[in-house]
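Start from chain B and add chain H according to the hints.
Here the protein sequences come in this chain order: B and H. If you're matching positions, the first sequence starts at 189 in the working numbering and goes up one per residue. If you're matching positions, the second sequence starts at 666 in the working numbering and goes up one per residue.
In case anyone wonders, no lab produced these hints; they're calculated from the structure. Just so you know, even glycine gets a beta-carbon here, dropped at the ideal spot from N, CA and C.
Chain B side only, calculated, beta carbon under 8 Å to chain H, not exhaustive: (1) Arg208; (2) Val229; (3) Trp240; (4) Ala243; (5) Ala246; (6) Ser250; (7) Arg261; (8) Ser263; (9) Gln265.
Taking lysine-lysine pairs in the PhoX-like style, the calculated list, with each CA pair at most 25 Å apart, reads: (10) B:Lys190 to B:Lys258; (11) B:Lys301 to B:Lys227; (12) H:Lys795 to B:Lys258; (13) H:Lys688 to B:Lys258; (14) H:Lys795 to H:Lys688.
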Amino acid sequence: MKPGDSFELTVTPDRYLTVRYAGASGDFNPIHIDEDFAKQVGLPGRILHGLWTMAQVARAHSEALGGPDKLERLSVQFRGMGVMEEEITVTGTVREVDDGRAVVHSEASQNGKRIIRNGEADIRV
Amino acid sequence: MAVNTDAIGRAYPATIYAVGREKIREYASAVGEHNPLHLDPEVARSAGFADVVAPPMFAVVYSNAAILPGLFDPELGIDFAHMVHGSQEFRWGPLVVAGDEITTTATVKDVAERGGMGFYVFETESVNQKGETVCVGLWTNIVRAG
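With the rest of the complex left out, here is chain B:
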């Protein structure tokens, strides 16, 4: 692994994804699972859980960099909202490598909008 190395992951959440993720994670906020409720509070419809999208960023690191034990720290900022049935692209770039640790910057975008930005990870190398 060296500075400048990069990786990419694409994923398209299907229309029932938020229901499965709600059950798996315990986050049943109705903005993610109830179309009518989401519209009542001014959203275009049900939106993705931010932490599901963050899990895609984490998975991109694990898959590209050698497994779940490599991830020591991940921080992200959530922006806008992710939706179902549209492709999400996660990109990551190695920024520094030294002394057993790499720093990776990442983001996730959907329809040209960054829904996760300023992702920063420490990787055990």
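Chain H alone, transformed into the frame defined by chain B:
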């Protein structure tokens, strides 16, 4: 908007989460983790783990119950209708596997008002049955002016 900073430093009661094999597999499927370490006990055992390995972001599952009392703390008075998840950080220690028992404590790390918005930052620390810190989370929720 006015925020109440009196609760900074407050700790909420610890919660204990028993990590189950099927819950790990259910979570791994929902987030698209196909690494057999998360799904197949034989693969996990041959890699030196006691059972299937939780993906790092499974931290949200074992931390969930610890976070809720803070979100609903009447003294913080978080306005859910205008709340968004602003940012999130996790730091991980040893991997969590099925059979572990994870004790999580949540504290109010910061409450602040900036640019007309309220920032509510919670910290969770999760410790396994051996006393090892498996995850520290920093959860930042932002409340926009109503």
